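K.L.:
In terms of the working numbering, the sequence shown has 42 at position 42, counting the first letter as 1, and numbering is strictly consecutive.
If you are wondering where the hints come from, they were derived from the structure by calculation, not from laboratory data.
Please read these numbers as outputs of a predicted model, since none were measured by experiment.
Don't be surprised by glycine CBs; every beta carbon is placed ideally from N, CA and C.
Some clues are possibly wrong.
[As the list claims (entries may be wrong)] Calculated lysine to aspartate or glutamate pairs in the DMTMM-like style (CA-CA distance at most 25 Å, straight line): (1) Lys41 with Asp12; (2) Lys41 with Asp25; (3) Lys41 with Glu13; (4) Lys41 with Asp19; (5) Lys41 with Glu52.
[What the hints assert, rightly or not] Quick list of the computed label-pair ranges, beta carbon to beta carbon: (6) Ile44 with Gly11: 23 to 33 Å; (7) Asp10 with Ile44: 14 to 24 Å; (8) Ser42 with Asp10: 12 to 22 Å; (9) Thr14 with Met48: 12 to 22 Å; (10) Glu52 with Arg21: 12 to 22 Å; (11) Phe27 with Asn53: 30 to 40 Å.
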Amino acid sequence: MGLALDEPRDGDETYTLQDLRVVVDPFALRIIQDAGGIAIKSGIFGPMAELENAAPGACGCS
């Protein structure tokens, strides 16, 4: 979606969430703000971001 654990590009913002440095592009930032924020969860592949107040699978990603 535009949320990454890497180096920022032009227009990206950098934040630290639960000791993780994340880079968010402007489109993703708007989605995150509209959803009420994100939560960092532990997954089998490491930390992952999940939109607050979103039903599981709501993004339509597969």
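K.L.:
Now tell me, hint by hint, if it's right for this structure.
P.N.:
Hints, verified against the model:
| no. | hint | result |
| --- | --- | --- |
| 1 | Lys41 with Asp12 | holds, 22 Å |
| 2 | Lys41 with Asp25 | holds, 20 Å |
| 3 | Lys41 with Glu13 | holds, 21 Å |
| 4 | Lys41 with Asp19 | holds, 12 Å |
| 5 | Lys41 with Glu52 | holds, 11 Å |
| 6 | Ile44 with Gly11: 23 to 33 Å | holds, 32 Å |
| 7 | Asp10 with Ile44: 14 to 24 Å | violated, 33 Å |
| 8 | Ser42 with Asp10: 12 to 22 Å | violated, 32 Å |
| 9 | Thr14 with Met48: 12 to 22 Å | holds, 18 Å |
| 10 | Glu52 with Arg21: 12 to 22 Å | holds, 20 Å |
| 11 | Phe27 with Asn53: 30 to 40 Å | violated, 19 Å |
Violated hints for the displayed structure, listed by number in ascending order: 7, 8 and 11.
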